[in-house]
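Engineer: Spelled out from the first residue to the last, the chains are:
Number of protein chains: 2
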Amino acid sequence: MQVAIVGIGLIGGSLALELRRSGLATELIGVEANPDHAQKAVQKKLVDRICCLDEAIDKVDLIVLAVPVNVILHLLPTVLDRVDRQVVIEVGSTKEKILQAVKQHPRRGRLVATHPMAGTEYSGPEAAIPQLFHGKNVVICDLDDSDPDAVEQVKNIYETIGSRIIYMDSASHDLHAAYVSHISHITSFALALTVLEKEKEEKAIFDLASGGFASTVRLAKSSPDTWIPIFQQNRHNVLDVLYEHIHQLKRIKQMLIDEDYEGFYKLIQEANAIRKIIH
Amino acid sequence: MQVAIVGIGLIGGSLALELRRSGLATELIGVEANPDHAQKAVQKKLVDRICCLDEAIDKVDLIVLAVPVNVILHLLPTVLDRVDRQVVIEVGSTKEKILQAVKQHPRRGRLVATHPMAGTEYSGPEAAIPQLFHGKNVVICDLDDSDPDAVEQVKNIYETIGSRIIYMDSASHDLHAAYVSHISHITSFALALTVLEKEKEEKAIFDLASGGFASTVRLAKSSPDTWIPIFQQNRHNVLDVLYEHIHQLKRIKQMLIDEDYEGFYKLIQEANAIRKIIH
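Protein chains in written order, with our numbering: chain A, 4 to 282; chain B, 4 to 282.
Calculated from the structure, these hints are not laboratory results. Positions of the beta carbon are idealized from the N, C-alpha and C atoms, including for glycine. Treat the hints with care, since some could be wrong.
[Said to hold, decoys possible] Below, simulated DSBU-like cross-link-like pairs (lysine-lysine); rule was C-alpha separation at most 30 Å, straight line:
no. : chain 1 : residue 1 : chain 2 : residue 2
1   : B       : Lys106    : A       : Lys139
2   : B       : Lys158    : A       : Lys203
3   : B       : Lys139    : A       : Lys224
4   : A       : Lys106    : A       : Lys62
5   : A       : Lys201    : B       : Lys139
6   : A       : Lys224    : B       : Lys201
7   : B       : Lys62     : B       : Lys106
8   : B       : Lys269    : A       : Lys203
9   : A       : Lys201    : B       : Lys253
10  : B       : Lys201    : A       : Lys43
11  : B       : Lys203    : B       : Lys158
12  : B       : Lys269    : A       : Lys48
13  : B       : Lys201    : A       : Lys100
14  : B       : Lys206    : A       : Lys100
15  : A       : Lys106    : B       : Lys106
16  : B       : Lys256    : B       : Lys206
17  : B       : Lys139    : B       : Lys201
18  : A       : Lys253    : A       : Lys269
19  : B       : Lys47     : A       : Lys224
20  : A       : Lys256    : B       : Lys158
21  : B       : Lys203    : A       : Lys201
22  : A       : Lys279    : B       : Lys47
23  : A       : Lys43     : B       : Lys269
24  : B       : Lys139    : A       : Lys206
25  : A       : Lys100    : A       : Lys224
26  : B       : Lys206    : A       : Lys253
27  : B       : Lys201    : B       : Lys256
28  : B       : Lys269    : A       : Lys224
29  : B       : Lys47     : A       : Lys256
30  : B       : Lys253    : A       : Lys203
[Said to hold, decoys possible] If you want the ones that stay clear, here's a sample from chain B, every Cβ over 10 Å from chain A, calculated:
no. : residue
31  : Ile143
32  : Glu200
33  : Ser213
34  : Glu273
Could you build the full structure based on these sequences and the hints that come with them?
Structural biologist: Written out as structure tokens, the structure is:
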């Protein structure tokens, strides 16, 4: 199978590695707007060569769109316009706006909308790592809008590289993703800003930062090019969860002001219930 | 050296393991108020036997206080009353109130106040793990109030088990600890509460939760018995950082409401500066 990877960053690059390793891809063509990333992707042997989008589409069997979600939104109709027998996968972290935009497209069936629940705080081709998708869940959205043969092929690809498929409609996906992924990034960005603002002694942060701090703040290293378009497309859900999160922090603040340690104790016990869900 | 571990939980138990493994301790006596924890500590061979505090103090060369900071505050004067030649280590996450309480104690010199910047979200003797302190920083506070021979002994212990010593006065310690440790726990508790409150479909959390969410929420599993007394003793600093954190989240919220993605982009770039400090 010949594959075009559009956007050879963390996700696109890691997928390229797995497609090669598993033997699923016989040729990997990269499409990359950033010349520096394009060069690094070839150097790192993530792809065999770089070419332009149109040529890549005509040449391959599978097109993977792994660009930021605003670029997916912009590119997807053009890609589908040119597609015939090929299968298109997009791997964006938001779904509703993207799938709305191509809902009526005559070639919508060739697209399989997927969200691999995998990633790190790094970006670009140098962030690509082997086995990123191993043991991770991949959401396929709005299954019924995709052609059965395209779905079969995409399921086979993800399962071959070790992922487990789950299904969701795009509206539910965006709602749940706001809770369990997007809000985590916002709290982490805000925590980094808080500490950078309040703690002028960088050496003290460095010396005292333990594993706990590092784990709550690591997502704050994430790229704004990836995340601003996600927050933009999922604004309504993210705002809803953010209101609730600020409300919870204010409850804790008020309990500290009132020295209501009994109430705060109960609140922590409630929060501990996350143990049942996240192991 | 004979050692008494008062409170055989995550920190006390892990320290017991290292003291045994390194050969520093020839006998380990446990003092533990929770009968279930006492039994498990002996079963897990963290300590050789359990006895009461007074007997343990008289018997040993080194007493490690590894109980919650409210219990340290309560026990420490009594322990120092009974101490003669022995060295006492306390390992609390707060320092100012604890050291204030024994500032004028005639045996203050036998105490070395330490904060190992190491831990996990688990507690109790079953949370004790080998090598917990390896490669971690340990803060010694108010060095000049401790006898030089006691400091030498404690430095030697921590260095033998792989830690690096740094020095700080107790007021600075509590301020910095609020920034880089205590606030992380509050954001994590609040995030867990947010998601548990808003997301009624536990299965969706379980299916969609990726490494990012897990890492921002893992501290929410932490015990209220450990953390309420920390927040209580460091209330002033924690409130100060919490005000700032809520302010940062409100800035983000307002930018989302206003759809000011340019401003939000710049904010994420500012947050990304944490890369320089946390690797």
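Engineer: If a hint holds in the structure, say so; if it doesn't, say that too.
Structural biologist: Tested hints:
1. Lys106(B) with Lys139(A): Given that 30 Å is the threshold and the Cα spacing comes to 54 Å, the pair is violated.
2. Lys158(B) with Lys203(A): Between Lys158(B) and Lys203(A) the Cα gap is close to 28 Å, so the pair holds against 30 Å.
3. Lys139(B) with Lys224(A): Given pair Lys139(B), Lys224(A) holds - Cα atoms ~22 Å apart, limit 30 Å.
4. Lys106(A) with Lys62(A): Holds. Lys106(A) to Lys62(A) sits at ~25 Å (cutoff 30 Å).
5. Lys201(A) with Lys139(B): 24 Å, holds
6. Lys224(A) with Lys201(B): 26 Å, holds
7. Lys62(B) with Lys106(B): Within the cut-off at roughly 25 Å; holds.
8. Lys269(B) with Lys203(A): 20 Å, holds
9. Lys201(A) with Lys253(B): Cα-Cα ~16 Å, so holds.
10. Lys201(B) with Lys43(A): With Cα atoms ~42 Å apart, Lys201(B) and Lys43(A) exceed 30 Å; violated.
11. Lys203(B) with Lys158(B): Cα-Cα ~50 Å, so violated.
12. Lys269(B) with Lys48(A): 33 Å, violated
13. Lys201(B) with Lys100(A): Judged against 30 Å, a Cα distance of about 22 Å means the pair holds.
14. Lys206(B) with Lys100(A): 24 Å, holds
15. Lys106(A) with Lys106(B): 72 Å, violated
16. Lys256(B) with Lys206(B): Between Lys256(B) and Lys206(B) the Cα gap is close to 28 Å, so the pair holds against 30 Å.
17. Lys139(B) with Lys201(B): Roughly 37 Å between the alpha carbons, so the hint for Lys139(B) and Lys201(B) is violated.
18. Lys253(A) with Lys269(A): At roughly 15 Å apart (the allowed maximum being 30 Å), Lys269(A) and Lys253(A) satisfy the hint.
19. Lys47(B) with Lys224(A): 40 Å, violated
20. Lys256(A) with Lys158(B): 37 Å, violated
21. Lys203(B) with Lys201(A): 35 Å, violated
22. Lys279(A) with Lys47(B): With Cα atoms ~25 Å apart, Lys279(A) and Lys47(B) stay inside 30 Å; holds.
23. Lys43(A) with Lys269(B): Holds: Lys43(A) and Lys269(B) sit about 26 Å apart, inside 30 Å.
24. Lys139(B) with Lys206(A): Answer holds: Lys139(B) to Lys206(A) is near 15 Å, not above 30 Å.
25. Lys100(A) with Lys224(A): Judged against 30 Å, a Cα distance of about 26 Å means the pair holds.
26. Lys206(B) with Lys253(A): 28 Å, holds
27. Lys201(B) with Lys256(B): 17 Å, holds
28. Lys269(B) with Lys224(A): 13 Å, holds
29. Lys47(B) with Lys256(A): Given pair Lys47(B), Lys256(A) is violated - Cα atoms ~39 Å apart, limit 30 Å.
30. Lys253(B) with Lys203(A): OK: Lys253(B) and Lys203(A) at ~22 Å, within 30 Å.
31. Ile143: 12 Å, holds
32. Glu200: 6 Å, violated
33. Ser213: Given that some Cβ of chain A is not farther than 10 Å from that of Ser213(B), nearest at about 4 Å, it is violated.
34. Glu273: With a cut-off of 10 Å, Glu273(B) comes too close to chain A, as the shortest Cβ separation is near 6 Å.
In this structure, the hints that do not hold are numbers 1, 10, 11, 12, 15, 17, 19, 20, 21, 29, 32, 33, 34, in rising order.
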